[in-house]
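K.L.:
Please put together the full structure from these sequences, using the hints given.
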Amino acid sequence: MVISGMAISVTTQPTPSGWMLSSAIGDISADSTAESVAVRLSIAGHTFFSATIAVYGGVATLYDATSVIEDYMRRESLSMAAVTAFFGDESTSLYVQYCSVLLPATFDPADTFLSLAGVTRTHRGSHIALSVLPRTDRTVSLKGVSHDASGIPSVSEAELAKTFPVGGGTLYLPVDGLVSALGGADYLAVSCGGLRRMVFIDRHPFFLLFKFRNVFNVPELLDVACTVETETEAGGSTAVCGGILSRYDITVTRSFTVKTSPLTTAQAEALSQMVASHSVQLCAGDDDFDVVITDSECKDTTDDSSPVTYSFTFRFASGRVRILDTAGLMPSRKRVFDSNYAMEFA
Numbered sequence: 188m189v190i191s192g193m194a195i196s197v198t199t200q201p202t203p204s205g206w207m208l209s210s211a212i213g214d215i216s217a218d219s220t221a222e223s224v225a226v227r228l229s230i231a232g233h234t235f236f237s238a239t240i241a242v243y244g245g246v247a248t249l250y251d252a253t254s255v256i257e258d259y260m261r262r263e264s265l266s267m268a269a270v271t272a273f274f275g276d277e278s279t280s281l282y283v284q285y286c287s288v289l290l291p292a293t294f295d296p297a298d299t300f301l302s303l304a305g306v307t308r309t310h311r312g313s314h315i316a317l318s319v320l321p322r323t324d325r326t327v328s329l330k331g332v333s334h335d336a337s338g339i340p341s342v343s344e345a346e347l348a349k350t351f352p353v354g355g356g357t358l359y360l361p362v363d364g365l366v367s368a369l370g371g372a373d374y375l376a377v378s379c380g381g382l383r384r385m386v387f388i389d390r391h392p393f394f395l396l397f398k399f400r401n402v403f404n405v406p407e408l409l410d411v412a413c414t415v416e417t418e419t420e421a422g423g424s425t426a427v428c429g430g431i432l433s434r435y436d437i438t439v440t441r442s443f444t445v446k447t448s449p450l451t452t453a454q455a456e457a458l459s460q461m462v463a464s465h466s467v468q469l470c471a472g473d474d475d476f477d478v479v480i481t482d483s484e485c486k487d488t489t490d491d492s493s494p495v496t497y498s499f500t501f502r503f504a505s506g507r508v509r510i511l512d513t514a515g516l517m518p519s520r521k522r523v524f525d526s527n528y529a530m531e532f533a
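Mind the numbering: the sequence shown is residues 188 to 533 in the numbering used here, read in order.
Please keep in mind that the hints were generated in silico from the structure rather than gathered at the bench.
Treat the hints with care, since some could be wrong.
Heads up, simulated SDA-like pairs for lysine to any residue below, C-alpha to C-alpha not over 25 Å straight-line [claimed, not checked]: (1) Lys486 to Ser464; (2) Lys330 to Gly312; (3) Lys446 to Tyr435; (4) Lys446 to Ser493; (5) Lys330 to Tyr374.
P.N.:
What follows is the structure in structure tokens.
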């Protein structure tokens, strides 16, 4: 495909909205009669790649431009960008939406919230995050369903004062605020124009809230209903000095193994995105702590009698052991033998 009438081409076409998924860019080529061509890629006037490429058969090709563009967008935390490709004196612009997976050719990022999750399971006291490309309609509306003591459903609607940023981006919404705006809800739909996300509110007694960069490199929040096992290892060396045994070079590592409650296949897929993310944080109280997921295992089956289970292990990215009061993680997490203070994350 020739773009803008120039002799610069890419291996795929933009979506109907004009945006191109980074995973679908592939190679960028240009016709040339020279022996070599100077190639540059830039975003907002900043050149992040430059090279001289030899011409073969009258064509200069930058192979796997996807990897070059995605690497820069990850480092700069960019979800969307106008990438200008220069081949000598010729140039063309690509409107790129970061995407680390291959999606159907019919997928258009402008037609959906920037997430592969069509449904969100969350909890009271938690938050959800929704991200969009630049759009004209930025109003957020709600439609909720609640049930009375007899199980009879009622429907309520509301419009939020918050709107999405003018240039697109992420909107963080407190679950309690959404439920309050509707006067109560067991589940609800969040809409922006033709975009919609179903939100189901769980009542599991213990959950952790994680924030991660999803396949579109935008922040996504994920509640994980789970149990947590803590493992602490202390190591070091010993020596006898002046007849006294001493210990030195002491190292302490602490890891946390999360075992989820039974999941749907969609929930397991959301967790798979998180454990594969290049940026994961644990939201505890008013702070977000960088964590590293060191191991994970998902057991899924087509057998309807077996639920999907997921387990993963994480450590805090800081070099020192971090002490957290579990009251800062959730409103109430008391265990059987701890009446006042639980050290689950100590």
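K.L.:
Determine for every hint whether it applies to the structure shown.
P.N.:
Here is what the structure says about each hint:
| no. | hint | in the structure |
| --- | --- | --- |
| 1 | Lys486 to Ser464 | 19 Å, holds |
| 2 | Lys330 to Gly312 | 19 Å, holds |
| 3 | Lys446 to Tyr435 | 35 Å, violated |
| 4 | Lys446 to Ser493 | 16 Å, holds |
| 5 | Lys330 to Tyr374 | 9 Å, holds |
In summary, the structure is inconsistent with hint 3 from the numbered list given earlier, while agreeing with all the others.
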